[in-house]
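J.: The residues making up each chain are set out below.
There are 4 protein chains.
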Amino acid sequence: MNTFGQNFRVTTFGESHGVATGVVIDGCPPGFQISTDKIQAFLDKRRPGQSELVTPRKEADKVQILSGVFEGKTLGTPVCLLIQNTSMISSDYEELKEVFRPGHADRGYYEKYGIRDHRGGGRSSGRETAARVAAGAVARCYLENEGIIINGILSSVHGETTREGIEKAIIKARDEGDSVGGVVSLVVSGCPPGLGDPVFGKLDAMIAFAMMGIGGVKAVEIGSGVKASAMTGSEHNDQMSAQGYLSNNAGGILGGISTGQDIIVRLSIKPTPSIQTPQHTIDLAGNDRVISVKGRHDPCIAVRVVPVAEAMMALVLMDALLEMRKIMPDCGQEP
Amino acid sequence: MNTFGQNFRVTTFGESHGVATGVVIDGCPPGFQISTDKIQAFLDKRRPGQSELVTPRKEADKVQILSGVFEGKTLGTPVCLLIQNTSMISSDYEELKEVFRPGHADRGYYEKYGIRDHRGGGRSSGRETAARVAAGAVARCYLENEGIIINGILSSVHGETTREGIEKAIIKARDEGDSVGGVVSLVVSGCPPGLGDPVFGKLDAMIAFAMMGIGGVKAVEIGSGVKASAMTGSEHNDQMSAQGYLSNNAGGILGGISTGQDIIVRLSIKPTPSIQTPQHTIDLAGNDRVISVKGRHDPCIAVRVVPVAEAMMALVLMDALLEMRKIMPDCGQEP
Amino acid sequence: MNTFGQNFRVTTFGESHGVATGVVIDGCPPGFQISTDKIQAFLDKRRPGQSELVTPRKEADKVQILSGVFEGKTLGTPVCLLIQNTSMISSDYEELKEVFRPGHADRGYYEKYGIRDHRGGGRSSGRETAARVAAGAVARCYLENEGIIINGILSSVHGETTREGIEKAIIKARDEGDSVGGVVSLVVSGCPPGLGDPVFGKLDAMIAFAMMGIGGVKAVEIGSGVKASAMTGSEHNDQMSAQGYLSNNAGGILGGISTGQDIIVRLSIKPTPSIQTPQHTIDLAGNDRVISVKGRHDPCIAVRVVPVAEAMMALVLMDALLEMRKIMPDCGQEP
Amino acid sequence: MNTFGQNFRVTTFGESHGVATGVVIDGCPPGFQISTDKIQAFLDKRRPGQSELVTPRKEADKVQILSGVFEGKTLGTPVCLLIQNTSMISSDYEELKEVFRPGHADRGYYEKYGIRDHRGGGRSSGRETAARVAAGAVARCYLENEGIIINGILSSVHGETTREGIEKAIIKARDEGDSVGGVVSLVVSGCPPGLGDPVFGKLDAMIAFAMMGIGGVKAVEIGSGVKASAMTGSEHNDQMSAQGYLSNNAGGILGGISTGQDIIVRLSIKPTPSIQTPQHTIDLAGNDRVISVKGRHDPCIAVRVVPVAEAMMALVLMDALLEMRKIMPDCGQEP
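Chains as they are written, first to last, in the working numbering: chain A, 50 to 384; chain B, 50 to 384; chain C, 50 to 384; chain D, 50 to 384.
Hints may be right or wrong, so weigh each one.
Not the full set, but computed from the structure, chain C residues with beta-carbon under 8 Å of chain D [as the list claims (entries may be wrong)]:
1. Ala254
2. Phe258
3. Ser273
Label-pair restraints from in silico Cβ distances [claimed, not checked]:
4. Arg345(B) to Pro241(D): 52 to 60 Å
5. Asp93(D) to Lys146(A): 31 to 39 Å
6. Glu143(B) to Tyr159(C): 49 to 57 Å
7. Pro327(B) to Gly226(A): 57 to 65 Å
8. Gln113(B) to Glu144(C): 26 to 34 Å
9. Thr210(B) to Ser290(A): 31 to 39 Å
10. Leu295(D) to Gln113(B): 39 to 47 Å
11. Gln113(B) to Tyr159(C): 23 to 31 Å
12. Ile220(C) to Glu225(D): 33 to 41 Å
13. Gly335(D) to Glu101(C): 50 to 58 Å
In short, the hints are calculated from the structure, not lab data.
Built from N, CA and C at the ideal position, the CB exists for glycine as well.
Use the sequences and the hints to build the structure in full.
T.: Put into C-alpha cells, the structure is as follows:
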C-alpha cells in the first residue's frame, strides 16, 4: 500500500533514519524532458531550515535520477529517484524507543506490525513526503506542457488569515513549546474538462483520497465545501451560459468529472503533535508516563504541507489524464 | 472505475432507466450467513417515498441473490445482487435530452463519452447507490459478527441542528420549489485497532475517498475536522493513560491506522441540484436556455445519503479488515 | 480474483446450478455497436448439444443485456450480461456431495473454502466459461472494427491431426466411457505492432495467463513453442527486410510486444476428468472410495475450449489496446 | 507495468547501462529475518562469468538494502534493494544505435515508445532479471521458514538431456558464433494445499504469467504439459487414496488450486538471439542491413534462466500465500 495511482503509479520507500528515501514512477509517458535541476527546485521548496517559521533541522535532500531517463528525456520505463539520508541524529530519539508520542502513529505501527523503527517516526515520518514531492515534480513537468498549473498557499493558521497574523501565531506557538494548525488552499488552472471517472474513480474522490493521506490533514473540502450544507439549491447550482459557468461552487468538478473551471480544494491540518509541553502517555508495557518531545520540530506543519499537497494534486491529475486517454468518443464504427 | 475496494471488491452496474441495477462482490469471505431479507432491510431504509421529507417517487427495489450463496451461506465465490428497475417514467426526462441541468453531471458525461443515457441521469443517478447499499448490507452482516457497528444520522440541514428545525427547512424548500444542503455524521464503534495501511492505504484516506465519491458530498471531516486548523497541539493531541485515550480529536484514526476508539466522520452535502426555480443553462448546441427541472425530486438529498454513507463505510472497513489479515506479527521465525 | 484485465475489466459470476451466470464489463469504450444477437451468436458456438462429439446436455444460454447499452451503442458505463440457468438437474450430483472426483477441483475448493456447491462443480464448472464467451463477444465487436481477427481450431486429439482421426478418437473414447485430450491452435491476424508492456505486462505473458486459466489447459506455447528449446539462434531468429519479417518463430510477439505479424498460440488440453471408468478416490471423511462419474459429459473438452480460448484472446487484446492508448510518443514538448 | 503481484508487490527499475538496477517490494510481511548476505548468495548464482558455459562478462552485482529492514528484520514497510551498474561498456553498442537486432525487442520498443536506450537492450536487457532474483531471494527467506523449497535445473539443451551432451551443445554453439535453446524444469516441494484463486487468479495461470514473462521463454508446461493432449482420462486423472494421490499428472495444481503435491513446471527457452552469424535486418530508416552481433553474449540463455525462474516462482507463491490469508473458513458465526 505504498503505491499511489493506477496509471502514473508512484511507489515511495524509505524510513526517516534509514539509508535513503526514494520513489519509483511506473507508467511515466516516454519522450518528455525532465532534469535533476527541475526536480531539485521543487524539493528545495519543501526542505526545512529555510525560515524561522519552520524547523531549523537541515536536510540536504539532493535528488539523483537512477533510471528511466536517457539524454534528458523519459524512456517510458520506470523512473527511480533517490535521496540519501544524511542529517539523521538517531540519538535524539533514543528516549522514544519505549514511549508512544501522543498524536503520532507510534502506537498504531507498533500494535499493527509488532516491530517499528522508532527513530524519528520511521516510515510515518514527514520525511517520506520528500519522495512524493520528487514524483510530483516529474508529473508537473508533464502537466505544465499541457497548460495545467497548480498553486497552493497557506491561507490560515490558528484562525488568522493575514500574513502578519499567521507569522505571529506560528512564532508564539514555537516560543511556548506548543504548535498550531492551519489551512492550505489549492487552485488548479488550465485543467481540461473530462478528467475523472464515475462512479468509483471520481476526480474529487481521488483528490480527497490523496489529500487525506497527507499526515495531519483532518478535512478536505472541494469548492463550496462545508458551506454547501447551509445553502439552497438556487444559491449553490452553477448556472451556465454560452459564455461559460456563472459561478464555481462545484470547485471545478461535477459528478466526479472536471468541468474545465478552476479546481478549488482546501485542507484543514492539525497542529504538529511533537510539542515540548508535557503530556500524558504510556510506554510499551502500557504504564502511564509523561512525555515532553525534544528535537527540532516544525511549530506548524501546515507550512510544509503546501508543496506536498501540490505534489499530490499533480499525481492525481497526471493519473486521471492518462486514464482519460483510454476513452475516445470517436473510436466506434461511425465517422 | 466502477469497482470499489482491493480485497472486498464491489462492482456496481446499471443505469437509472435501464433494465436493472446491481452489484457483484468479489472477495467475499466464505461461510457466513446472509439472506435476501437482511439485505432488503437495508435497501428499504434507502428507498424513497417513505416520508414527506423525501421524493414521493416509488421504487420497489426488491433485491435478488443470483450467485455466491448456497443454503444461506456465502461460498467465497462472487455474490451478485440484482434489483430490477420497475417504476421508471422515461417521458419525464424527454425535455432533458437536449438541455444540461445545472449542478448535474449531464454536461460532463456528454463531453467525456460523446453519448449518454439522458433518462434520469443514467449512470450518474442516485439510483446507482441502491447497489452500494446492497453490497454494504453484505459487509455489515460480516462486520456485525466482529462487533463493528456503524451509525449515521442527519445532523444538520441548512444550518439547523434540531429535528424540528431540520424538518421545517426541508418542507420550506420543497414548498418553494427549491432545495437545501445538510450534514451527515457517522460513528463507528467496536472497530479494532490496526486497520489501515501506510502510506497510500490510510484508513482516513480510504474513508475520504469513499465519502467524497457519494454524489453531492463537498467536504469530508475526520474527528476534529476543520476545527483542527484553529487549535494548538496541546489542545488537539489525544493524550493516553493506562485506562485509554483521554480524548478523540483524531476521530479514531492516527497515522492512517485505527486506534480502537470510535471513528468519527462528517460529510457536508450540497442541496439537490434538481429544482423547479428557473435557471440559466445551455443545450447540446451550446445555446443559452432556461430550465425548470420537473419531476419528483428530493428537496434534501442529505436525508437519503445517510444509508449510503453507512454502506460505504462498511465497504471501507470490510476491505481494510481483509487487508489486515495479510499482516501477522507472529509470522516470523521466532516464537 | 474473478476479474480479468486492467482496462477492459471483466468480472464473471455464477455457479453452474445457481440462479444465473453472468459478467460485468467495466472500462468498455463508449459509442460502438453491440447487440444481443451478436453476443448470442458467439454463445451458440460454445453451447453443448450441437453434435455427437460433445455432451448431449441442453443449455439454452440466452443472453440478456442488463446495462451499459443505450439505443444499440455502448455508453462507456458497465455492461452487464446475464444468462439464466435453466437446464440444471441437481439430482445428478447428489452422489457427489460426499465424494471428490479425480481430476476435478472438488477437493481443492473444499479444503480452501470449507464449503462448496457440489452440484456440477459449482463455480469451477465449465459453465462459467459462458460468461467469458459473452464478454469476449463484446470485445470482438470492437476488435473487428479495428481489423483484428481471432481464429481458433481444434488441431489435434489424442495425437490425431486429421478431421477423420479426431472424430474417431472422440467417438471411441465416448463409447468406452473414457475421454481424450487435444490441442487448440489460435491465430490472430491484423494485430497492430506495439501491444504489450515490459516487463510484467508482456503480451505473451498475458496470453499465457489467460490461456492457462482455462480449465484443463496444461501447456501454452507461443510461436515456436517447445521446439524453440532444440533450435539454434541462426534458425530461430526472425530476420527482417524492408519487405517485412522473413519468418515468424516469435509467434508475433518479441520482447513482450506485438510485432504486427500473426500471433500464434497453442494450448494442450487434458482429457475430460469426468469418466465412467471406475477410479479410486476418497470421501469428505478421507475414506477410500471408488467412483464412476455419471451424467452427460463431453468426451473431449478440447472441442469446447475453442470458443473460450478465442474469447480469452479477445479480452487480452482489448485490454492491451486500451493500455497502449496511454502511451503516445508525441506527447512531449517537441513537434 | 513494472510491478508483479497483488500482495507481495515487486516493482523493478533500471536500464542495463543506466546508473543502477533495483527493486521495491511492497507488502512484505514484518518481522522476519533477511540479510544482504542471503540476498547476495542468490544473486551470485545468477551472475555471469562463472563458467565457460556463460558470458565472460563481469558484473559485480553487489546488492544494498536501502529501506524496510531494521536490525536485521523486515519492518513491514517497502524493502528497496539496489544494485549499482559498474561494468558497462556502452561503446560496444554504438553500432546498434541505428540497427535492430533480430530476435530482440529493439524494434518493438522503438515503435512503441519512439525513444529507447539502445545500450545493451536498456530495459529489455536480461540485466533487469537481477532485480527479480533479489526480490525472489527475500521471498525465499520467508517461504523456507514455511517449509516451501524451490529447485530449478537445466534439463535439456538443443535436445540433449545429459550433462555431457548439454555442455557439448553449448560449447559447440559458442565456438560457431551461434547459440542454442534449452529447457528449464522447476519443482516446488512443501507447498501447502489451497494456494491459488478461481477463476482468474489460478495458481497455474499465475505461474504461466510469471514464466512466460521471462525473456526468451516460448512455452510453459504444468505437470503432464503437452503430453496431456495425447492421453485418455483414465490415464491422466490422478486417483486418490487415504494415503494420498496415486500420480501427479496435475503437476500439483488442480482447478487452479495447489493440491499439496510437488508443483512441476517446465519452460522451453529460445536460443540467445545475439549471435555473430550474419543476419538480415533493417535500420531505423527501414533500409535493409546485415548485422553480426558483437559483444560478450551467453551462447545459451537457458543456463541463466534457472535462478530467474526460481525467483519468479518464489514471487508467485509468496503472493498466493498472502492472498490465502484473507480466506479463513472459520470466520463465520458458527464455532
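J.: A separate judgement is required for each hint: does it hold in the structure or not?
T.: Evaluated hints:
1. Evaluation of the alanine 254(C) hint against chain D yields a held restraint, the C-beta minimum of about 4 Å falling below 8 Å.
2. About 4 Å separates the beta-carbon of phenylalanine 258(C) from the nearest beta-carbon of chain D, less than 8 Å, and the hint is met.
3. The beta carbon of serine 273(C) is positioned within 8 Å of a beta carbon in chain D (closest approach about 5 Å), and the interface hint is therefore held.
4. At roughly 57 Å, the beta-carbon separation of arginine 345(B) and proline 241(D) lies within the given 52 to 60 Å, and the hint holds.
5. For aspartate 93(D) paired with lysine 146(A), a C-beta distance near 36 Å keeps the hint of 31 to 39 Å intact.
6. A beta carbon spacing of about 55 Å between glutamate 143(B) and tyrosine 159(C) agrees with the range 49 to 57 Å that was offered as a hint.
7. Between proline 327(B) and glycine 226(A) the CB atoms are about 59 Å apart, so this pair conforms to the stated range of 57 to 65 Å.
8. For the pair glutamine 113(B) and glutamate 144(C), the beta carbons lie near 30 Å from each other, so the given range of 26 to 34 Å is met.
9. A beta carbon spacing of about 37 Å between threonine 210(B) and serine 290(A) agrees with the range 31 to 39 Å that was offered as a hint.
10. At about 44 Å, the beta-carbon gap between leucine 295(D) and glutamine 113(B) stays in the expected band of 39 to 47 Å.
11. For the pair glutamine 113(B) and tyrosine 159(C), the beta carbons lie near 27 Å from each other, so the given range of 23 to 31 Å is met.
12. One distance hint, 33 to 41 Å for the beta-carbon pair isoleucine 220(C) and glutamate 225(D), is violated here, with the actual separation near 50 Å.
13. Restraint check, glycine 335(D) to glutamate 101(C): a C-beta distance of roughly 53 Å satisfies the suggested window 50 to 58 Å.
Hint compliance for this structure: hint 12 is the single one not met.
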